[in-house]
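Peer 1: Whenever a hint applies, use it, and build me the whole structure from the sequences.
Here the sequence shown is numbered in the numbering used here, starting from 58 and rising by one per residue.
Quick caveat, the hints were computed from the structure, so don't treat them as lab data.
Simulated DEER-style distance windows between Cβ atoms: (1) Val181 x Ala460: 17 to 23 angstroms; (2) Asp294 x Asn117: 38 to 44 angstroms; (3) Asn180 x Ile359: 23 to 29 angstroms; (4) Ile414 x Arg84: 35 to 41 angstroms; (5) Ser275 x Asn117: 44 to 50 angstroms; (6) Arg461 x Ala290: 41 to 47 angstroms; (7) Gly409 x Arg185: 26 to 32 angstroms; (8) Ser274 x Ser214: 41 to 47 angstroms.
Each residue gets a CB set at the ideal place from its N, CA and C atoms; glycine is no exception.
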Amino acid sequence: MLNSGFAHKSFFFGTHRLIEPHATFDRVKPFFSDFGITRVANLSGLDRIGLPVVMVCRPNARSSAVFHGKGIDLPSAKASGVMEAIETWHAEHAELPLRFGSFDELRARFQLCDVDGLPALPNVMFDRSRPLLWAEGRNLVTDRPIWVPFELVHAISTVSGPPSSNCFAAGTNGLASGNHILEAMSHALCEVIERDATSLWRCGRATEQDGRRLDLSSVDDSACRTVIECLDAARFDIGVFDITTDVGVAAFQCLIVDRVEELGHIGTGAGCHPSREIALLRALTEAAQVRMTYILGSREDITAADYATETLRGRNIATGDMIQRSAPTRSFTGVPTRSFEDFNTEVQWLVGRLEAIGLGQVIAVDLTKDELAIPVVRVLVPGLEGSDHHPFYTQGARARAKARDRR
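Peer 2: Written out as structure tokens, the structure is:
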């Protein structure tokens, strides 16, 4: 998969892409009916922040029916939203080589992934004698085939899963699309590294979290400065934390709290990318997007409790305290950064960073459909933490080790 042709980047404003965001949108728009996309709505005016946020609707989805996109401008937000909807459709309609059998049965004939490093469900011990469906992927470290549990590849959540599902904490982590398979891989790798970073950051000591707060005056990227100034002008307190881990890929967590409305919705966002300015911009714009998500209230995972007075007050107090108690001492220029002219080198570097910390299985499952020719990939990295936003998240080895350090 790493030998999938040369993928030279040509767009570098606010993100790194093979082609400009508007060209991506125009390329996939003719397929909207295939994906069940009925609406792409500009939500930017629903919040006084004014940053571009869009909503993409797929009413007959087999998972979430609403997706959101964000970016430095409206074309970027539209491309972000529709590609998220499209990649999820691919995972809902995965057509892959599958095998049905137990771990113990198949391991004698096939290379299987390290199931102990996959995101586990609480109080569920994986049964190696239990038959389940496996999908074929490719280990990007060895460039050899490797089989992974199918329930961590597909994204169907509206109906009962295939036989012997519910062994792992399944979601959409590591699912990504792009204009080239390597662009999709880069996005997917950054996402799994980001989710690992946010989970580790949240289980760290408060003093460690506080010491990672970013001095926003040290940010020297024009796009990031524009968003920071926009949030400040809209009267929001901003707390950004450098959550980069031992993987060495820049990652940030952003918190925003309304200075005007005591019971306003907060915003939280995270971003990860080899280039620190792209990672920061993703975290900033995602915080605005998350706040907009609550204002709109259209997602299935939002409940009435999210709008209760006690909930809003509690979130504002907790988030405001986290921002106010910490001094912004971390310099943006001290965060590691790399920039690559092509996705070939970028993906190789990302895989190398994971391999450098002892993760020997970096697995990509190609979900691209030939008749649509929109590259989609699911990446799994046994050993990385899963998303602690998952309703059934349970700590993996890295988080448990960090928790032990707190004692």
